[in-house]
Amino acid sequence: MKIDKKFVMKLMIFSAIFMFLAGVTFDTYARGRGSGRGSHRSANRNISRQGPARTGSMRSSDFNRSSRSSYSGQRQSAQRSSMQRTGNTERQTQARQKAQDYKAANPDKVKDFQDKRADNAGDIQENRQDWKDTNREDWQDYGDKARNDRQEFYDNNEYYRYDDDWEWGDNVEYPVGAMAAVAVGTALTVSAFNSMTCNPTTVYVSGVAYYQCGSTWYNQAYQQGDVVYVVVDTPPGY
Amino acid sequence: MKRQTFNKCTWAFFLILLLALPAASQTEQGVEVKDAPRIDPESISDLVESLEFLSKAGSFSFTAEQEYDALQGNGQKIEFGGVHKLTVVRPDKVRSDIVSRDGSKKLFVFDGKDIYYSDIDDNVYASVPRPGDINQAIDYFTEDLQMPLPLGQLISSDTYEWVKKEIYAGGFVDQSTINGVLCDHLAFRTKNIDFQVWIAAEGDPIQTRLVIDYKNSPGEPQFRAMFRDWNFKPELSDSLFVFKPGENMRKIGFAPVLRTEIKSEEKEGEKK
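Protein chains in written order, with our numbering: chain A, 1 to 238; chain B, 239 to 510.
Extracted from the complex, chain A is given alone in its bound form (with noise of 0.2 angstroms):
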């Protein structure tokens, strides 16, 4: 049998360039998940951790409440629940026609504010455009199945997607200017109240800590079983 001496030294480049690449690729993915196999993740927190399987209860009043606030994804449905339970109608419809005004007069701000936002989600983001450009530029090439489905997973996957789902007077991440819009009773969970653009300072009143943001204030409180900041009025005194 002949061997063609060539087609095995491109065959052996070929291989040396893919093992790199992958190598890099696969890198960039583990950068991007925040640290490599072995060492300490911390936890995604976008995936919900609430329904009713968590509470664990027979009795359908336990667990009515946390299926109705479980399903659309775990930010959305925390502030609608407490929306709702507020029960204050005029004040949400108040709070979106100020945010829909805010949008109107302040393009540029709103820009920004988006722009921020996707810096948030950043490296995530960026390391998942990292991956796909990788991706479309070797694997067109080398072709690997076990591979295109897991770029198929990663790029169908919606986890990172709850954030590009929400709209304008339905979010509790406005910008500082934007914040006196949010209804008094309104819970942020505390990743969305992280990535908010003001940095919140600290008072003590009585003992218990208010947070303000902006013209917004806010208490810690337990919420289905998580810590969530409420918007509470001014405190005594400020």
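Bear in mind the hints are in silico, worked out from the structure with no lab data behind them.
Keep in mind that the hints are not guaranteed to be accurate.
If you only want the chain B side, here are some residues facing chain A, beta carbon under 8 angstroms, derived [as the list claims (entries may be wrong)]:
#, residue
1, Asp307
2, Leu309
3, Gln310
4, Phe318
5, Arg328
6, Asp340
7, Tyr355
8, Asp357
9, Asp359
10, Val362
11, Ala364
12, Phe461
13, Asn486
14, Leu496
15, Ile500
C-beta atoms are modelled at their ideal positions from N, C-alpha and C, and glycine is treated no differently.
Since the structure of chain A is provided, determine the placement of chain B on it from the hints.
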């Protein structure tokens, strides 16, 4: 002529067979047959006996390896879980330590006067006065404060009444071994949930496993628990039901209580 008759007979036979099959299979499955009793009395009696046994136990502790499904926006169910240790002293003391799989620790304490709930890692706790017995405390915590306390109903002493009222179908599945204990595997249905329970077939009627299906909730998520280390003479130190916040631990509220306070303040403001 004979051949035609044979063909007709053959077709008629297959037609009858086809019509009879669904009825036969329904009878074999046994669950949905209209004339059959929907609840096996012996099975419901076994379940009630197990719950009553717990409700009459003065003090006990057990550990549960529990897990649950959380439905995501994309339709995928993701499993979370942890280890849950419950210690109960009737009529008015409960301590619940939960260590989640991600390492986070939560603590629930009811001392007969107040309810405490704490996230050890986040260094926060909340407390609310609630004098009364265990049933009242669990009802208030899970219904009014809307907080999760998995297996809370297992330790409530009135759950067997709920069982008698709510279960509309169910019975014995088989005998199976869970953690080396021979158990009766029972399955029941209520309007909102289906559940399965494994109860020790010999000795004390303790539960070894519980599975709850939230069949009316999107994605039909499950809660699952494996029970172990049942102890009906637990060592009870004085500090077990005393909650002492850790150093620099911040006190926070319960959101429903906070909202009630906000509303009452608003009403007072309107009056003025």
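Outcome of the hint check:
A distance limit of 8 angstroms between C-beta atoms decides the matter here; for B:Asp307 the minimum to chain A is near 5 angstroms, and the interface restraint holds. Interface restraint check for B:Leu309: the shortest CB-CB distance to chain A comes to about 6 angstroms, inside 8 angstroms, so the restraint holds. Interface restraint check for B:Gln310: the shortest CB-CB distance to chain A comes to about 6 angstroms, inside 8 angstroms, so the restraint holds. Hint status for B:Phe318: holds, given a least beta-carbon distance of 6 angstroms to chain A, under 8 angstroms.
Interface restraint check: B:Arg328 against chain A, minimum CB-CB distance 20 angstroms, threshold 8 angstroms, status violated. For B:Asp340, the interface hint holds, the least distance from its beta-carbon to any beta-carbon of chain A being 6 angstroms, beneath 8 angstroms. Restraint check, B:Tyr355 versus chain A: the minimum CB separation of about 6 angstroms is within 8 angstroms; hint holds. For B:Asp357, the shortest C-beta to C-beta distance to chain A is roughly 6 angstroms, which falls under 8 angstroms, so the interface hint holds.
Nearest Cβ of chain A to the Cβ of B:Asp359: about 11 angstroms, over the 8 angstroms cut. The hint is violated. About 6 angstroms separates the beta-carbon of B:Val362 from the nearest beta-carbon of chain A, less than 8 angstroms, and the hint is met. Residue-level restraint check for B:Ala364 holds (minimum Cβ-Cβ distance to chain A is 5 angstroms; threshold 8 angstroms). The criterion of a C-beta within 8 angstroms of any C-beta in chain A is met by B:Phe461, whose closest approach is roughly 4 angstroms, and the hint holds.
A least Cβ separation of about 12 angstroms between B:Asn486 and chain A goes past the 8 angstroms threshold, and the interface hint is therefore violated. About 5 angstroms separates the beta-carbon of B:Leu496 from the nearest beta-carbon of chain A, less than 8 angstroms, and the hint is met. At a threshold of 8 angstroms, the smallest CB-CB gap from B:Ile500 to chain A is about 6 angstroms, leaving the interface hint in force.
Comparing the model with each earlier hint shows violations of hints 5, 9 and 13; every other hint is respected.
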